[in-house]
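Chains A and B, in that order, give the protein sequences.
For the first sequence, counting from 1, position 438 maps to 438 in the numbering used here; every step adds exactly one.
For the second sequence, counting from 1, position 250 maps to 947 in the numbering used here; every step adds exactly one.
Note that these hints are calculated values from the structure, not bench results.
Even glycine gets a Cβ: it sits at the ideal position worked out from N, Cα and C.
Please note: incorrect hints may appear among the correct ones.
Keeping only pairs whose Cα atoms sit at most 25 Å apart, straight-line, the calculated DSS-like set for lysine-lysine is [to be verified]: (1) B:K887 to A:K62; (2) A:K684 to B:K842; (3) B:K1192 to B:K887; (4) B:K1381 to A:K194.
Only part of the chain A face toward chain B is listed, based on derived beta-carbon distances under 8 Å [as the list claims (entries may be wrong)]: (5) V51; (6) A397; (7) G542; (8) E543; (9) E563; (10) N567; (11) C634.
2 protein chains.
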Amino acid sequence: MKGTSVTRTRGRACPLAMVLLCGLALQTVATSAQAQDSRRRRTTQEQKPLVLTPEQTAQLTKIANDRKLNIDDLVAASKTYTPSGRLDEYVLFSSGGQSGQVFAIGVPSMRLLRSIAVFTPESWQGYGFSGLDDPVQERLMINGKSVPWGDTHHPALSETAGDYDGQFLFIGDKANARLGVIDLRDWETKQIVKNPLTISDHGAAFVTPNTDYVIEGGQYGTVLGYGYAPPEDYKKSYRGMVTMWKFDRAKGRIDTTKSFAMELPPYWQDLADAGKGASDGYFFINSFNTEMATGGVEDGKPPFEAGASKRDMDYLHIIDWKKAEKVFNEGKVKVINGFPVIMMDTSIAEGLLYFAPEPKSPHGVDVTPNGQYMVVAGKLDPHVTVYSIDRIKKAIAEKKYTGTDEYGVPILSFDAVMEAQVEVGLGPLHTQFDDKGYAYTSLFLDSAVARWSLGGEYADKHSEQPWKLVAKTPVQYNIGHLCTAEGDTVSPDGKYLIAMNKWSVDRFVQTGPLMPQNFQLLDIESPGTTMPVLYDLPIGVGEPHYCQMIKADKLKSWGVYPEVGWNPHTQSLDPNAPKKGDEGVTRQGNKVLVKMTAVRSHFTPEHVMVNEGDEVTWRIVVNETTVDATHGFCIGGYNINLSMEPGEYTEFRFIADRAGTYPFYCTEFCSALHLEMMGYLHVKPASKGTADAATVK
Amino acid sequence: MKGTSVTRTRGRACPLAMVLLCGLALQTVATSAQAQDSRRRRTTQEQKPLVLTPEQTAQLTKIANDRKLNIDDLVAASKTYTPSGRLDEYVLFSSGGQSGQVFAIGVPSMRLLRSIAVFTPESWQGYGFSGLDDPVQERLMINGKSVPWGDTHHPALSETAGDYDGQFLFIGDKANARLGVIDLRDWETKQIVKNPLTISDHGAAFVTPNTDYVIEGGQYGTVLGYGYAPPEDYKKSYRGMVTMWKFDRAKGRIDTTKSFAMELPPYWQDLADAGKGASDGYFFINSFNTEMATGGVEDGKPPFEAGASKRDMDYLHIIDWKKAEKVFNEGKVKVINGFPVIMMDTSIAEGLLYFAPEPKSPHGVDVTPNGQYMVVAGKLDPHVTVYSIDRIKKAIAEKKYTGTDEYGVPILSFDAVMEAQVEVGLGPLHTQFDDKGYAYTSLFLDSAVARWSLGGEYADKHSEQPWKLVAKTPVQYNIGHLCTAEGDTVSPDGKYLIAMNKWSVDRFVQTGPLMPQNFQLLDIESPGTTMPVLYDLPIGVGEPHYCQMIKADKLKSWGVYPEVGWNPHTQSLDPNAPKKGDEGVTRQGNKVLVKMTAVRSHFTPEHVMVNEGDEVTWRIVVNETTVDATHGFCIGGYNINLSMEPGEYTEFRFIADRAGTYPFYCTEFCSALHLEMMGYLHVKPASKGTADAATVK
């Protein structure tokens, strides 16, 4: 025994342990609070301006040289590094692609703050793991079959007067044409609606300026209402569509009874954007495959990608949704698969739908902050094409058509509606805006971001010629969408741009054949030709498609639920939530009711005795009101796992169909005695034999 | 039309578009490769040493002051910032807690590189979404029921001679007592084994120094073999256990036929660690609740957390696994639920199992790099207790027992086996090591990391007194486990330490009531009292418990599969993989076989015609050999989603049980014509009526 610092009686635990034990939960919090205070002081105290001493400069230089950093790296590090406890300025809500989730990322630190489970069950959040009648599992049923994954593409933050209000987030599932509604008070998915017309879509979600409607555009032509028709009947029987989901802000839910769709030609509708300001009341959808190619390489026909790219121009869809709403309210619809649809003939007759030619195979259509211009980026054309709402309105009023398409939709004269074209580079795809009169377009083939100057009333905001390419920054690699701070609202902030690169190739440690995406942060604060890459963030938890960046202080998230006994599904206090003192297990026939409370560090009751075959309803309330005092609850082998945030109430139900001794325990490391926060579900065998066979000795 | 930079004929897409179209996929790659080269040059060129000019210093100072950064922040930023294309030095493999996944994080940049799906289906990775007979879904069955989530606790990298070899990663599921095997060539889970003795466990996974065995310890006492016994029979019928899973490195699989378990008393066994060097052949497990408390607050009894903490000392389990392997091979086992178990009587008689007293409710037992010392951190005792293997061996040889426990297991004299005790602070939990003779212990209640000096042969490595607390750094908040670079191997690297904090409270933007964890990076390069926090990484995708940090260049990951047609389930070329030219759809009765190839940017065939009710087997091979050229494949509404990395072959099967027109498409944004990479599954209705009803017009 060579120890020199042994200060206690060997062979027994220090008496301190007993003191600790009694108030352990409390002490845990107190300790945290103290540490917290000391860090807080550091972060909020008046800080003297930093003046680097020669020693400090030498220290930084040495680190830089040891790590082979240059001055650009040091600048980028200084612009992104966010010390402990300092909050990010923006939150980026990104779709998670085929992970079925949404990801929230802090900017400028580029740290993934949280995933939000939407279309794919996720056990950390306890999303979809609460037994029979699990509300998530029920939501994920399509035609009686579970489809527990999604391909999330376009998140849309709720807006008030065209500006993000931080209240809700909508997200579309391309694979299964579903729409999810997330409440940003508790960051939980509250509703999923399935489109009754089409199996898959693409252009969801986009909101109108006051979130009256959430727009879900289609994509691949289909027989509306999940119908069947052979490909040779494509032109006759296949259709496109756009669905207008009515949002009830007070209830925080889509109101399906007030929602409707519009039939569209079987072109492949792509992204949408709602008008605002000058263009309020309209929305715009791109399309491709106006050739109505039906592929068929297996029969020696041109493959889809060639057939769908033959024509020089596709059609920008211009839709007057306020007029469409009126037509819907007048009942001028056909009901398909139980859902009201304004048919094309009606749309044409009522003047709801117009086309404008747009350079082939576009992806994004993006409305400028003032609502005056629609920017279309056609990935096979090196220009962006800018349309003006004034010109569009005038052309409609003056019937400046060059004809109709084969379904009778009027086509506006390109010359009449086009405002400008700007050559930006190869593979333009998506455009957003800043506060200085610039637009930013992603260039997939160039692997670059282009900055270009807007004209019209924006011409006064910058010193460039209007409608002109100003700068390009290479990104790594193959950028899809991009996003600037509040860059698709009426008042973009500029500052930061996210390049959502689809390939990362050599940017990160090789993670097997499946590589992360690469989100690059660009500094767009300075006008002119400089917009350097500041940061590479690997996204290895999904393949995001689109994101929106909101000022963090607009989010009014709950730290704890408003009251103990809160039901997040109803967003209200639940009358079934057990009260302290009411805990216990009761039985009626083979129906068992468990009333449980959970608090650091125990469950009450700790033993639940049931019989094999019993139907068990289990209610748990978390008696915690401290931020971050989350508990989990799982029953091994029974596929039950809950995440129970402070104040939360949960009910779940299952059949105790297999005898045995099942520990349940808290799955969130909540306190020093977390491992002891457990109990047993005892499922007594129906026949005595089962138990004996397994019992040892 | 005010545009000034329009250089093309208005009204038509640039002819360039047609050129682009033909070679688009190729160009995409070429563009990437060029950009890649230019970035590579930047990162690998000989860089002139940086000498900051006054202007550059002023620039940095201005940014720092604008963002209220101090010199410590600038130093931390410089030490962690990793420029685009520069690879991280280490990879941290972290359990994902109740997310059921594993996360890989780059160090020092602290960027989440990738998740690896293990116990929870994950659709981005196409893990568990391949229809009938999906190998993942089959793996996740327990007693005929799907349990598609896990509570991953302890990852273990495979070792050769006690050092990480970068080949495999094992991960335990506490909730359901399962073990996952991940192949680090393609970062995919290859096998899941369910423990046949217990529903839940805790102490998995830990490997022996050459990965002969993967150790899975139990936790909550249970009736072995999933049996039932009432709690009043606890001492008689409940047991602990440890399972030794035999690993077949050549096959990359656990060999369940050569695996065995050992019966233990119904104490709650906790973490384990295998001996190495001086202690090779042994392993060590902590335990708590040697009181065998059975809780029962509902009946006014002491709750588990009090009952399980009454005694001053619990028992460190010392197990001679080489001798146990011999006993197992001699057949001295009892078969429980089909699995061989060495019963306690045998273990005692054969000298396989000894106890040493340890201060109450310990969590971690950690063996020093030389194998000489076992460090036990008891969370209710402010000391770490150090045992010496020499003393243990001597005490066993000399039978220095103070008696036996009530199951007859010999208890070694604490004085005989204890080497030292070091007072480190409140709530010590887990210890790892560096290359300078220091140990690091997490302090849950203190919210701090303690550095202390080792003695024995380590005393020469540092200038401290041996067995003495040297430094403490506060962390935010409530640290659980920690991890140093290769810190539990025979040759730790020091440099970096990860504090795995369970609460983040105010460190990040509030993400609703469910908050991320906080992984803090500490700089432990300098000996002595300085070890600052460099970085806070929010973990909002799970609740990690434990991690290991490996030098990145030890990982020999595949960028693409070795051959086109590779089956990752068998890790070999699959004879069923369709060849280019063999694509098509064939039928035998109601069984349809689809042979498909996928390459940028099309699937062949593009149309698949089946009849309602057909059983469809679908084989796809990805004809790509370029790193990061991944495709996805989904069929909307049919719950099929694959991730198909370059060269990968996949087969899936489903019943076409609902008529309709189902687009399938590539779910990974693979190329400029990605949206056109699609086709249709046409499911012809059995009765003509179905189609007509839904068809429009």
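Under the criterion of a CB-CB separation shorter than 8 Å, is A:N567 in contact with chain B as hinted?
-> violated (13 Å)
Against chain B, with CB atoms and a cut of 8 Å, does the hint on A:V51 hold up?
-> holds (7 Å)
With 8 Å as the cut and Cβ atoms as the points, is A:E543 at the interface with chain B?
-> holds (6 Å)
Against chain B, with CB atoms and a cut of 8 Å, does the hint on A:C634 hold up?
-> holds (5 Å)
Taking the least C-beta to C-beta distance, is A:A397 closer than 8 Å to chain B?
-> It is violated, given that the least Cβ distance between A:A397 and chain B is near 19 Å, above 8 Å.
Restraint status (C-alpha distance of B:K1192 to B:K887 at most 25 Å) = violated (33 Å)
Hey, B:K1381 versus A:K194, does the alpha-carbon distance stay inside 25 Å?
-> Holds, at roughly 23 Å.
Verify the interface restraint on A:E563: the C-beta must sit less than 8 Å from at least one C-beta of chain B.
-> It is violated, given that the least Cβ distance between A:E563 and chain B is near 12 Å, above 8 Å.
Hinted contact A:G542 with chain B - closest CB pair below 8 Å = Status holds, d = 5 Å.
Is B:K887 within 25 Å of A:K62, Cα to Cα?
-> violated (45 Å)
Holds or violated: A:K684 to B:K842, with C-alpha atoms at most 25 Å apart | holds (19 Å)
This entry does not satisfy hints 1, 3, 6, 9, 10, going by the numbered hints stated previously.
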